[in-house]
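These protein sequence lines are chains A and B, in that order. Its first residue numbered 9, the first sequence is counted upward by one per residue in my numbering. Its first residue numbered 106, the second sequence is counted upward by one per residue in my numbering.
What the hints contain is simulated information worked out from the structure, not anything from laboratory work. Among the hints, a few may not be true.
As the list claims (entries may be wrong) - According to the in silico footprint, chain A covers these stretches of chain B (three or more CB under 8 Å from chain A): (1) 151 to 157; (2) 218 to 231.
Stated by the list, open to error - If you want a taste of the chain B side facing chain A, the calculated C-beta under 10 Å gives, among others: (3) 141; (4) 239; (5) 280; (6) 284; (7) 287.
Nothing here was measured: the structure is a model prediction, and the numbers come from that model. For each residue, glycine too, the CB sits at the ideal point set by N, CA and C.
So the chains spell out like this:
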Amino acid sequence: MSRSAEPLVRVRGLSTRLGDKVIFDGLDLDIPRGSITAVMGPSGTGKTTLLKHITGQMRPDAGEVWVDGSNVPTLGRDALFALRERIGYLFQNSALLTDFDVFENVAFPLRQHARLPEELVRNIVLTKLQAVGLRGAARLMPSELSGGMARRVALARAIVFDPMLILYDEPFVGLDPIALNQVLKLIRTLNQTLGITSILVAHELSAVRRVADRVHLLANGKIVAAGAPDELARGESDWTKQFFGGEADGPVPFHYPAGDYAHDLGFDGSAA
Amino acid sequence: MNARFLRDGYVTDALAQIGAAGLFFFTILGAVPKSLRHFRETVRQIWFVGAMSLVIIMTCGLFVGMVLALQLYHTLSIFGGTAALGTVVALSLFRELGPVVTALLFAGRAGTSITAEIGLMRATDQLAAMEMMAVDPVAYVVAPRFLAGVIAMPILACVFNALGIFGGHLVGVTWLGVDNGTFWGNMTANVEVWADVINGVWKSLAFGAVVTLIAVFQGYTTPPTSEGVAYATTRTVVFSSIVVLALDFVLTAFLM
Ligand SMILES: Nc1ncnc2c1ncn2[C@@H]1O[C@H](COP(=O)(O)OP(=O)(O)OP(=O)(O)O)[C@@H](O)[C@H]1O
Ligand SMILES: [Mg+2]
Numbered sequence: 009m010s011r012s013a014e015p016l017v018r019v020r021g022l023s024t025r026l027g028d029k030v031i032f033d034g035l036d037l038d039i040p041r042g043s044i045t046a047v048m049g050p051s052g053t054g055k056t057t058l059l060k061h062i063t064g065q066m067r068p069d070a071g072e073v074w075v076d077g078s079n080v081p082t083l084g085r086d087a088l089f090a091l092r093e094r095i096g097y098l099f100q101n102s103a104l105l106t107d108f109d110v111f112e113n114v115a116f117p118l119r120q121h122a123r124l125p126e127e128l129v130r131n132i133v134l135t136k137l138q139a140v141g142l143r144g145a146a147r148l149m150p151s152e153l154s155g156g157m158a159r160r161v162a163l164a165r166a167i168v169f170d171p172m173l174i175l176y177d178e179p180f181v182g183l184d185p186i187a188l189n190q191v192l193k194l195i196r197t198l199n200q201t202l203g204i205t206s207i208l209v210a211h212e213l214s215a216v217r218r219v220a221d222r223v224h225l226l227a228n229g230k231i232v233a234a235g236a237p238d239e240l241a242r243g244e245s246d247w248t249k250q251f252f253g254g255e256a257d258g259p260v261p262f263h264y265p266a267g268d269y270a271h272d273l274g275f276d277g278s279a280a
Numbered sequence: 106m107n108a109r110f111l112r113d114g115y116v117t118d119a120l121a122q123i124g125a126a127g128l129f130f131f132t133i134l135g136a137v138p139k140s141l142r143h144f145r146e147t148v149r150q151i152w153f154v155g156a157m158s159l160v161i162i163m164t165c166g167l168f169v170g171m172v173l174a175l176q177l178y179h180t181l182s183i184f185g186g187t188a189a190l191g192t193v194v195a196l197s198l199f200r201e202l203g204p205v206v207t208a209l210l211f212a213g214r215a216g217t218s219i220t221a222e223i224g225l226m227r228a229t230d231q232l233a234a235m236e237m238m239a240v241d242p243v244a245y246v247v248a249p250r251f252l253a254g255v256i257a258m259p260i261l262a263c264v265f266n267a268l269g270i271f272g273g274h275l276v277g278v279t280w281l282g283v284d285n286g287t288f289w290g291n292m293t294a295n296v297e298v299w300a301d302v303i304n305g306v307w308k309s310l311a312f313g314a315v316v317t318l319i320a321v322f323q324g325y326t327t328p329p330t331s332e333g334v335a336y337a338t339t340r341t342v343v344f345s346s347i348v349v350l351a352l353d354f355v356l357t358a359f360l361m
């Protein structure tokens, strides 16, 4: 198999527990090069945890996570850092550096890893900020930004290096319809012009349909359904029917695992 | 009772914490060469912790010197030895009070803010974000603050001593009427650079290292919650105070 045909990210038999809870139970996942893949699933199923496994922020109990030919859980710190220089990551809570203004936040990865002339840094940073509509906010501090603005700055920072792989953890949260459009366009442009592979975790099906090539539905520690967004949205399996239909009852658990409800409320006389 | 202590893990937890802090110390040392590449950050931190603590150090130094002179004048006059006032004030400051009080004040002023700052960076995922950008937070955030603490502490102690002697002079000479020439003459004749002044500097360096190590360790390992950060800052002050006073005893015994 030629290198470009093999998936950029290949997860095999991923198993992880956190505390008493089984998060992944033999999860398999392939992300083809140059694709935009969405990972959807109920809150608390482990979507963020999956992204953390792919980037080596967490190690699984068992299983393999191959990214561009290296098995992430086995990498030493230096190799992991070398890999991360080629990965952009948008944190669910933006995670901007509060010591620096917007411009320096976006410039941070450039300044750390490349000795570029100031002129060039300026051009790159302003281009990225322009792409998210915040060039004018370059000198604001993170505390002066709204939630949606902070997410767009974090997005600009994640793409400043034109990485080979970008992981977006809920990029559409807190965006107004115009900003949402811009961000969707940006994700697609990055993918089409630079061939950047993207993995995005999102809850907004309408937005996902407009960018993603494939959607994986994560529930109960496994990928329970995968396919093109429209295909999945039609909801032919029980999983997709329930999830995209937004029903509480079905195979996808809406409730965090809990004991008997009546017992907790004391209706069976136990709490008297 | 003892068994309960062990079972609940207080003792083992405490030992594990000390061990982890010790390992963290070596991690920081390992990251120092890398952190020197952005030395500007260290300079910024020295300025920061130094400037932050300067006012409180100067004020306290002045008052400690004044109180020292009052108390010692009273005691010395019993033995008719008020001529030694300058010497005794200076020796107490250089050898003991300067390094110790500076370290305690530093822990309360700069140490807590270092802990809170790093703890909040942890709680808001800023440290994780750095790791994701392939930047080692120990080299970028922790080591510069650690170096800054080690460098700033002796300087602050010197400032404390200077203000203390000034305060002692104010009370002893200006107020209580000790002869100006005697005050300075005896002091300069009896205080030795190596045995007294430099000994104090060694102490200060050691205190700077432990107080800042405790502060950065507490911040770096804090649970990522507001409660966690609150407890961590408290622990910085409590642990620093205990360790500084205990270490002071050990160092004094060795350096005497
Ligand atoms: N440190 C931890 N210890 C124990 N359990 C944890 C820990 N961190 C996360 N979890 C659990 O792991 C599960 C997955 O968390 P994760 O953040 O990956 O969910 P998610 O799919 O990203 O949810 P959301 O859509 O709400 O962001 C949750 O049920 C959470 O309770
Ligand atoms: Mg999440």
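Comparing the hints with the structure gives:
no., hint, result
1, 151 to 157, "violated (count 0)"
2, 218 to 231, "holds (count 5)"
3, 141, "violated, 15 Å"
4, 239, "holds, 4 Å"
5, 280, "violated, 47 Å"
6, 284, "violated, 53 Å"
7, 287, "violated, 52 Å"
When each numbered hint is compared with the structure, violations occur for hints 1, 3, 5, 6 and 7.
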